[in-house]
Amino acid sequence: MEFLCFQAAGQYLGIEARYVHRVVDDGEITPVPLQSSCYMGLMYSRGDLFDVIHVGDLLGQQQAVQNENPRIILLKWAGKKLALVPDKIIGMISIKKYDKTQSVYHYADYTIQVIMPDDILKKVSEIFNGS
Amino acid sequence: MGRTSIKNKLILSYLGLLLGVVVVVGVVNRMTNDFFLAQAISTALALFIAIVFGSIFSRSFVKRLKSLSDVAREVSRGDFSRDIPLVSRDEVRDLEEVFAMMVNQLMGMVSDMKVVSLQIQENNKGLNEVVKKVLSNSHDIDRSTKSIASSSQEQTVILQKTSLRLDNGLKEMDEMVRQSADTVSKINEARHKTEMGEINARETLNHLEEVLKQMVEYTQPIYRLANKVDKIKMVIQVIDEIAQKTDLLSLNASIEATRAGEQGKGFALVANEIRSMAENSKHSSQKIEKIVVGILEDNREVLESLSKSQEGINKGRQIINGIVDTFGEMLFGVKEISNEVREMEQVTSKQVGEISGLLTHFQELSGLAHDNFLATKKTSVATKDQKEDMKKLVDNMRSLNMLSAKMIKTQQHFRLRDK
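Heads up: the protein sequence lines correspond to chains A and B, in order. In case it helps, my numbering puts the first sequence at residues 1 to 131. In case it helps, my numbering puts the second sequence at residues 1001 to 1419.
Just so you know, the hints here were simulated from the structure itself, not pulled from any lab data. Even for Gly, the Cβ is constructed at its ideal location relative to N, Cα and C. Any given hint could be a false lead.
Here are the simulated SDA-like pairs of lysine to any residue, each with C-alpha atoms no more than 20 Å apart in a straight line [claimed, not checked]: (1) A:LYS123 <-> A:ILE95; (2) A:LYS97 <-> B:GLY1261; (3) A:LYS76 <-> B:ASN1137; (4) B:LYS1282 <-> A:VAL24; (5) A:LYS96 <-> B:ASP1240; (6) B:LYS1265 <-> A:ILE95; (7) B:LYS1265 <-> A:LYS80; (8) A:LYS88 <-> B:ALA1260.
To be clear about the criterion: a stretch of chain A counts as covered by chain B if any three or more of its residues have a C-beta under 8 Å from a C-beta of chain B, and this derived list gives those stretches [unchecked claim]: (9) 22-30; (10) 36-42; (11) 87-99.
Make a model of the complete structure from these sequences and hints.
See the structure below:
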């Protein structure tokens, strides 16, 4: 199983490749007022509008890494769209023995936690709803 | 009444006596015829008449002479009050008149003597007062003379001291003139050295300008190197951007290849390789960038050193310019000082001349004061002599006074007629 691996809040995270639409580095983020600090704004890319989420901030990172031209991971799945801003993109990795019940894998020197886009969206919704 | 001399009187008296005798003889002869009797009677009568006549005649003379003798006696006693009776006009009257004249003259002399004595006394009084005043004035003159002598002595001492101080001042001023001359000589030397210093500073400045010019020339390649290295850095940045884009592109290609499934595996391999190449390019460009940054750092340090050297040279130039200006100001100041010292020297020389003249005048003044002192001493001695003379004069006046008093006392013995 192929995963896009990236780093955020000091952790290595992996997201399944089929959710990844593409990775851009020239996205223009339009800030939205009165939102949580992890919500960076909206981004328009090739006809689609993405909610941009800072992953480190979402995971409770105290001091979020702010890149000047961050690489943004665009996710599209089941008609949902989400853009993730990681601290650093590691690359594509292939996990041979993938098990859906297991979320943590070891790859090379990394310990990677596999995350699902719905979980991210759910967490963002919880933050928005104040729960 | 005309003048009749005693001789004539005697002749006339004898003729009258003879006539009387003749008459008597005639009468007797008429009365008697006795010749002898007549002769005796005539002789007796003639003798009687002669005796009477002689007695009367002599008495008239003796009486006048006795009167004159009495008057002379009174005159000898100092009594001039008695008048001499003038009876007849004969030789005795001449004597009486001469005697009266003598008495009158004596009276006049005594009166004059009295008047003179009184005048002497009056004059003596006035003279006494004058002498007292003269004595008092002599005392005053003596005191004043002593005071003048003392002042003259003090003046002489002060003048001598002043002369001595002036002489010392003159010596010091001579020393000052000599020192001024030395100072002028040293100032000229300092001016020469300052001029040399200015020339040397200007030469140093020229050398420094030359060094600076050469340094600017040497710096140009370094600046060019820095520009070229900057360009290399820009190229490296472009390479880095390309590498990043390639990396991103290969990442997206890998994602696409993964999404393609089994068909995309080959493409995924290529994409991975491309990404690996991009990573290598990125690493290489980062290494080059590090090297370039190192070169730039070194270059910057070199430029900083050059800049510091240039700043140092500029500062040195400014300092040397300042030194040149300072030397110029020093030269100006030294010239001004030289002129002022020369003026001062001239003024001091003039002052020395004037003080020499002043010293001469003071010495003359000192001599005059000394002469004054001596003259005052002489005046003092003369005043003492005058005082002594005045005392003698007073003694003489006292004697004269006593004599005049005696004279008045003597004159009081004479009794004068009331006029």
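The hints, checked one at a time:
no. : hint                  : result
1   : A:LYS123 <-> A:ILE95  : violated (26 Å)
2   : A:LYS97 <-> B:GLY1261 : holds (17 Å)
3   : A:LYS76 <-> B:ASN1137 : violated (151 Å)
4   : B:LYS1282 <-> A:VAL24 : holds (18 Å)
5   : A:LYS96 <-> B:ASP1240 : violated (33 Å)
6   : B:LYS1265 <-> A:ILE95 : holds (15 Å)
7   : B:LYS1265 <-> A:LYS80 : violated (27 Å)
8   : A:LYS88 <-> B:ALA1260 : violated (25 Å)
9   : 22-30                 : holds (count 4)
10  : 36-42                 : violated (count 0)
11  : 87-99                 : holds (count 3)
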